[in-house]
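Both chains are given apart, each in its own frame, so use the hints to dock them into the complex.
Line by line, the protein sequences are chains A and B.
According to the working numbering, the first sequence is numbered sequentially starting from 156.
According to the working numbering, the second sequence is numbered sequentially starting from 173.
I should point out that these hints are in silico values taken from the structure, not numbers from a laboratory.
As the structure is a computational prediction, the values presented were derived from the model and not from experiment.
Some hints could be false.
To be verified - Calculated cross-link-like contacts (lysine to aspartate or glutamate; reagent style EDC-like; alpha-carbon spacing at most 20 Å):
| # | chain 1 | residue 1 | chain 2 | residue 2 |
| --- | --- | --- | --- | --- |
| 1 | B | K340 | A | D192 |
| 2 | A | K158 | A | E189 |
| 3 | B | K340 | A | E263 |
| 4 | A | K257 | B | E258 |
Unchecked claim - Computed far set for chain A versus chain B, every beta-carbon distance over 10 Å:
| # | residue |
| --- | --- |
| 5 | D208 |
| 6 | S225 |
| 7 | Q250 |
| 8 | C307 |
| 9 | K431 |
What the hints assert, rightly or not - Residues on chain A that point at chain B, a partial pick, calculated with CB under 8 Å:
| # | residue |
| --- | --- |
| 10 | M169 |
| 11 | P313 |
| 12 | Q396 |
Cβ coordinates follow ideal geometry from the N, Cα and C atoms, glycine included.
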Amino acid sequence: MSKQYAYYPGCSAMGSSIEYDISTRALCKSLGVELVDIPDWNCCGSTPAHASDHLLSASLVARNLAIAESMDVEGIITPCPSCLKNLKTTSLRMQRKDFHEKVESIVERPVRADLPIRSVLQTVVEHCSPQSIAEHVSKPLKSLKVVPYYGCIMNRPPDVMTFDDPENPTSLDRLMGALGAEVLPFPHKVDCCGASLGLVRRELVTRLSGRILDAAASLGADAIVTACPMCQLNLDLRQNQINRANGTQHSMPIFYYTQLAGLALGQSESCLRMDKLCVSPAKALQQVGAPAQEERAR
Amino acid sequence: MPTSSTTDRFDSNFLKEVQEGSEQNLTRCYQCGNCTAGCPLSFAYDIPVNRIMRMLQAGEKHAVLSSKAIWLCASCETCTTRCPNEIDVARIMDVLRHMARREGLVAEPPVRHMWDAFLNSVEKYGRVFEAGMMANFVRRTGRFWTDADLAPVALGKGKLGLRPHGIKHPDEVQRIFARFREQL
Ligand code: SF4
Ligand code: SF4
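Pulled out of the complex, with its shape left as it was, chain B reads as follows (with noise of 0.2 Å):
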């Protein structure tokens, strides 16, 4: 019977998985906290990213994988500029969110739902439909869009495209989808 301090024992697959996927040497960090220092979110998340950092190389995979960070992480790059190792700090967090959806980890619904929401706009038109993507993100969290209030402003300096642009071949990019499934 697992108990909740054996939830986060070492793996030392989960190490290696993540350098892989990220083409990064983990064990380089040397905890000088330079990531967290400039990362915009970090008074949001719940684990700093030099803490990430250490728990991969500490294996703790449950811990970092059900973690709030990785779906606040702005992709903003400080950390991947900062960081003395040249270790590319956000690429990480990216493999770590593709992880967190295989292993069906995702603490943080809504960001999820909105990025499905816009690929499902990509998918189907080619490029996104602004009022497209926001439909389909209600029907998925089925809250109502937060930012409502900015709809008359958006729409009155026709900036929430309210019809689709789509291109000539969009069964070439539903292809694209399709054969990346496959590879799954």
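So that you can see chain A by itself, here it is in the shape it has in the complex (with noise of 0.2 Å):
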């Protein structure tokens, strides 16, 4: 049974994680979650509009609650925990009638603010249970050792997200397990890496992503699977840099759930564009017994 819901991808999906919103289109498609774009999205303002002011922040995610709402959908979904922060906590506060108003009247269009919004990484384990997933898989990703990095926010605050425990969340790490995978309990699910400091104070990054690396390489992780694009991008793209700065020579690939995801339900690399990932992902691939032709792709 096939549900529609209103797709918001965010600013990183057209750019820097464009590897994720593609990949997250391949394994939605391939359980039956039927997304649509929210048409003309905007920008959510992401930490900035809310660092700055909360009816700003409110007012730029209620245009496309508002778009949405007029869509005919389940819900909302988005992959990137950043977006849906933002969405979840418009949605909340706009229940307040004062606050509701003084939105609708920036955004100058009625706002329900009633639809459900959630994670892509929810929608797809509340619409498929781990087994029914498990029996889709025809690549396991077996002798490959992931830990599942959450980020930060994927599941905090708790009153305002509602999905998996705050302190120590499971949904990736059984849905790496019916993958096949082999899933190591990794302390640091849920530590912030720093990635909104990224541009201007590097030296608090690369201490905050340095423990990440170093505590997955100790546990001896070939990988890192992750769901959310700053966290992707600061572990990835900067991770010589981090390696620089700490005296370390990790060489950890860093990928978005969704690409080991789509490599187990049988989609190709190419397809999963594992060519976008920064640190080679090439000896992990072939731990999985993947067609060795990453090399000349790269």
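The structure is reproduced here in structure tokens:
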């Protein structure tokens, strides 16, 4: 049974996390989760907006809510935890009448703010049980040791995100397990990587992200699997910077969970845009028994 | 003549303003220190987050609003998640940044410039245009992009959008910004 959702890709999907967007669409398609893009969606303002003004942040989000409300959908879903937090926070705050009126007067259109909003991760694990996903697996990720990294805000604050456990979430663990991967218990799964300070205070970021890479490596992980575009970019694109700052030599691939899921469900590496990853995933992919054409493509 | 010791005297309005802006009851903080213990940026803060909570109760407006900590906060929500008194501490940090801006007390200008460059891009195109935002940031801070070493990799992987991804009705987003400013 197929359900339609209003899909909010978020700005990173247009550039720095294009492989997340592509593999998200592919995964949803194969699992019967139907995505309809919110037409002409705008940026939710991310941290810069809510850190500057809550009314501005809510108004940027509300335009998207209003458009989604004119679609015939079950709810709104987004792959990005930062967008998710903004969408959900706004929808909650708009339950207050005075705030609701202020936002509507700025957006200049009626907004109900009553559609359910979820992450793609939540939708996938709730729409399909890990067992039923396991039945779809044609190429199990066996022999691949992964640590699941949720990032700080996929599940927090719990009153807003209302999904999984805020200190020890397990949805990604269960999903990766169902795909055949060996999932290592990762004590840093909700630790902050510092991504939002990347541009201005590099030394803070290399320290926080370095800790995550160090921990994953010392557990013997072959890869980190993440659901957050900011975390992915930070750990992947900055990995050399982090290595230089900390005197380490990590070469740890940072996959989106949607890429690994796609692989297990039989999608090709090129369709999953593995070539977009900065740290080469070739070794990890070989372990899963993927064709070695990857090197050539890079 | 105010002396350094009087700049931070109790300002009862300040506490009220923060409580109203954040919809949080700050008097419930009993200084357990959970927020600070979990804060990933504590090591870089000039004032640890539980101490900020205490200073709010004490109405120390100037010291709180001119702290670096409120700009280094990564909005990671650990403090909010772990506060035993259900205080949304991260939301308070947001509100303090809003107030510091209004009062002209921003202690970490580059963070503010980065956010403004981001919002500028949103206002102009409806979505963030990464390369344009960087250029804007460099212009505002007068310092060369500190991540210049990443540019070749990011460009090679197509991860630094060189062209804006505009929306069909950027005017609607521009109106949101304009109406918001009228409100101030
Ligand atoms: S965790 Fe809550 S009660 Fe404890 S010090 Fe922090 S704000 Fe106060
Ligand atoms: S939200 Fe800010 S203050 Fe709270 S724990 Fe995270 S970085 Fe620290």
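Quiz item: When you check the alpha-carbon spacing of K340 of chain B and D192 of chain A, does it fall within 20 Å?
Solution: 14 Å, holds
Self-check item: Given hint E258 of chain B paired with K257 of chain A - CA-CA distance at most 20 Å
Solution: 27 Å, violated
Quiz item: Hey, does K431 of chain A actually stay past 10 Å from chain B on C-beta?
Solution: 6 Å, violated
Exercise. Confirm or reject the statement that Q250 of chain A sits farther than 10 Å, beta carbon to beta carbon, from all of chain B.
Key: 12 Å, holds
Quiz item: Taken at face value, is the distance from the CA of E263 of chain A to the CA of K340 of chain B at most 20 Å?
Solution: Holds - the C-alpha atoms of E263 of chain A and K340 of chain B are around 17 Å apart, at most 20 Å.
Quiz item: At a threshold of 8 Å, is the proposed contact between Q396 of chain A and chain B supported by beta-carbon distances?
Solution: Check passed: Cβ of Q396 of chain A comes within 7 Å of chain B, closer than 8 Å.
Quiz prompt | Minimum beta-carbon distance criterion (8 Å), P313 of chain A to chain B | solution = 6 Å, holds
Quiz item: Does the alpha-carbon distance linking K158 of chain A and E189 of chain A stay inside the 20 Å limit?
Solution: 6 Å, holds
Exercise. Tell me if M169 of chain A is really an interface residue toward chain B, meaning its C-beta lies closer than 8 Å to one of theirs.
Key: 5 Å, holds
Quiz item: Taking C-beta pairs only, is C307 of chain A more than 10 Å away from all of chain B?
Solution: Not fine: 4 Å to the nearest Cβ puts C307 of chain A too close to chain B.
Quiz item: Regarding the assertion that S225 of chain A does not contact chain B, is the least Cβ-Cβ distance greater than 10 Å?
Solution: Check passes; 14 Å lies beyond 10 Å.
Self-check item: Given as non-interface: D208 of chain A, which should sit over 10 Å from chain B by C-beta
Solution: 6 Å, violated
Going down the numbered hints, you'll see the structure goes against 4, 5, 8 and 9, while the others check out.
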